Amino acid sequence: MDYGIVGLDLPKVAALIEAGMPTRLYYTAYRNNAFDTHVFQMTFTSAF
Amino acid sequence: MKLNRRDILKAGLSGLSMTAGTALRVGVFGRAAAALAAEAESNGKILVVLELSGGNDGLNTLVPYADDAYYKFRPKIGLPKKSLRPIDDHFGFNRGMVGFERLYKEGKLAIVHGCGYENPSFSHFSSMAYWHTAAPNSGEQYGWVGRLADTIAPEAPPNFIVNIDTHQSLAVRSRRHVPVVFDDPNKFSRESFFDENEVFKATPDNGKVSNPAREFLLDNRSQR
Numbered sequence: 000m001d002y003g004i005v006g007l008d009l010p011k012v013a014a015l016i017e018a019g020m021p022t023r024l025y026y027t028a029y030r031n032n033a034f035d036t037h038v039f040q041m042t043f044t045s046a047f
Numbered sequence: 000m001k002l003n004r005r006d007i008l009k010a011g012l013s014g015l016s017m018t019a020g021t022a023l024r025v026g027v028f029g030r031a032a033a034a035l036a037a038e039a040e041s042n043g044k045i046l047v048v049l050e051l052s053g054g055n056d057g058l059n060t061l062v063p064y065a066d067d068a069y070y071k072f073r074p075k076i077g078l079p080k081k082s083l084r085p086i087d088d089h090f091g092f093n094r095g096m097v098g099f100e101r102l103y104k105e106g107k108l109a110i111v112h113g114c115g116y117e118n119p120s121f122s123h124f125s126s127m128a129y130w131h132t133a134a135p136n137s138g139e140q141y142g143w144v145g146r147l148a149d150t151i152a153p154e155a156p157p158n159f160i161v162n163i164d165t166h167q168s169l170a171v172r173s174r175r176h177v178p179v180v181f182d183d184p185n186k187f188s189r190e191s192f193f194d195e196n197e198v199f200k201a202t203p204d205n206g207k208v209s210n211p212a213r214e215f216l217l218d219n220r221s222q223r
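Protein sequence lines, in the order shown, are assigned to chains A and B. Oh and the first sequence: position 2 is 1 in numbering that gives the first Met the number 0, straight run, nothing missing. Oh and the second sequence: position 62 is 61 in numbering that gives the first Met the number 0, straight run, nothing missing.
The set of hints was computed from the structure by calculation and includes no laboratory data. The structure displayed is predicted, hence computed values, not measured ones. Some clues are possibly wrong.
Claimed, not checked - Here are the in silico distance ranges between beta carbons for each label pair: (1) ASN210/B / GLY6/A: 17 to 25 Å; (2) GLY19/A / LYS71/B: 51 to 59 Å; (3) GLN140/B / GLY19/A: 28 to 36 Å; (4) GLY19/A / LYS200/B: 24 to 32 Å; (5) ASP194/B / GLY6/A: 36 to 44 Å; (6) PRO211/B / ASN32/A: 27 to 35 Å; (7) GLY19/A / PHE72/B: 49 to 57 Å; (8) ALA18/A / GLY106/B: 28 to 36 Å; (9) ILE16/A / PRO63/B: 34 to 42 Å; (10) ASN185/B / ILE16/A: 18 to 26 Å.
To be verified - Straight-line distance between alpha carbons at most 20 Å, and here's what the computed EDC-like set of lysine to aspartate or glutamate pairs gives: (11) LYS75/B / ASP35/A; (12) LYS11/A / ASP182/B; (13) LYS11/A / ASP183/B; (14) LYS11/A / GLU50/B; (15) LYS186/B / GLU214/B.
Beta carbons are placed, not taken as given, at the ideal position from N, Cα and C, and that holds for glycine.
Please put together the full structure from these sequences, using the hints given.
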């Protein structure tokens with residue numbers, strides 16, 4: 000099942016820091032609003 | 000004046016005058032902000048924000064398993080204690096949150112319970128705007144990260160804020176700064192107005208163009 004979860008962008012942040020960017024504030028987010036616990040809710044609960 | 004992470008986050012709130020009828024102590028924040036600017040200039044620290052964006056069920060993320068009301072009002076989707084990763088005698092992480100549990104036990108994760116405000120909006124759009132501005136019902140047009148940047152670097156040096164996403168978040172919208180927003184570095188291309196073309200043509204390429212989209216644009220430019 001495709002939950003729309005793609006890789007986080009933190010490696011890009013790490014690469015920019017490593018490259019010496021003068022950036023002091025980095026902001027990134029889960030793509031496609033994918034931080035979601037509802038998708039497992041019923042199946043997970045019913046397992047117990 | 001020694002400043003910690005709490006002071007940094009407070010500075011993100013500076014610039015607000017009123018919210019929900021409650022006056023924030025701008026004077027206190029203002030003094031903190033002035034000291035913060037000097038501190039931030041010298042300490043070289045970097046803040047990385049990862050927004051856990053989604054339709055997340057907070058009560059089933061960190062479960063108040065010792066609270067009878069939780070099971071009373073969640074007779075079917077309440078998670079039993081035995082399925083959790085307890086962190087104390089009241090709360091337990093969702094079973095899938097092994098990484099969060101490790102960070103918490105290492106002292107690298109803090110939890111703020113019950114975030115909210117009075118008379119919450121039922122609009123997802125308004126609620127996200129409030130989240131990104133940290134200023135409910137205020138009409139605030141700048142994001143909390145943007146205001147933080149305005150506070151600690153009012154001279155607005157370039158590339159101070161980077162927002163990696165498919166679109167710019169309201170959180171980084173700033174009065175003084177222009178955030179660098181990108182999704183995929185391979186999608187970078189040079190754009191210009193007609194009057195600027197001659198100037199950009201005079202700029203030597205670095206010979207490392209590996210982006211097919213940019214090569215296509217450069218090829219088109221040379222054929223004009």
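Structure-based check of each hint:
Between ASN210/B and GLY6/A the beta carbon distance is about 20 Å. The supplied range of 17 to 25 Å therefore holds. Range check, GLY19/A to LYS71/B: about 55 Å between beta-carbon atoms, so the 51 to 59 Å window is met. For GLN140/B and GLY19/A, the Cβ-Cβ distance of about 32 Å falls inside the hinted range of 28 to 36 Å, so the restraint holds. Judged by the Cβ atoms, the range 24 to 32 Å given for GLY19/A and LYS200/B holds: they are separated by roughly 29 Å.
At roughly 40 Å, the beta-carbon separation of ASP194/B and GLY6/A lies within the given 36 to 44 Å, and the hint holds. Take PRO211/B and ASN32/A: their Cβ atoms lie about 30 Å apart, and the range 27 to 35 Å holds. With their beta carbons about 52 Å apart, GLY19/A and PHE72/B fall inside the hinted range of 49 to 57 Å. Range check, ALA18/A to GLY106/B: about 30 Å between beta-carbon atoms, so the 28 to 36 Å window is met.
Against the hinted window of 34 to 42 Å, the Cβ-Cβ separation of ILE16/A and PRO63/B comes to about 37 Å, which satisfies the hint. Range check, ASN185/B to ILE16/A: Cβ separation about 20 Å, and the 18 to 26 Å hint holds. Distance hint between LYS75/B and ASP35/A is fulfilled; the C-alpha atoms sit about 18 Å from each other, no more than 20 Å. Under the criterion of a C-alpha separation no larger than 20 Å, the hint pairing LYS11/A with ASP182/B is consistent with the structure, at around 10 Å.
For the given pair, LYS11/A sits about 9 Å from ASP183/B by alpha-carbon distance, which is consistent with the 20 Å threshold. Distance hint between LYS11/A and GLU50/B is fulfilled; the C-alpha atoms sit about 15 Å from each other, no more than 20 Å. A distance of roughly 11 Å separates the Cα atoms of LYS186/B and GLU214/B; the hinted pair therefore holds under the 20 Å criterion.
In the structure shown, no violation is registered for any of the earlier numbered hints.
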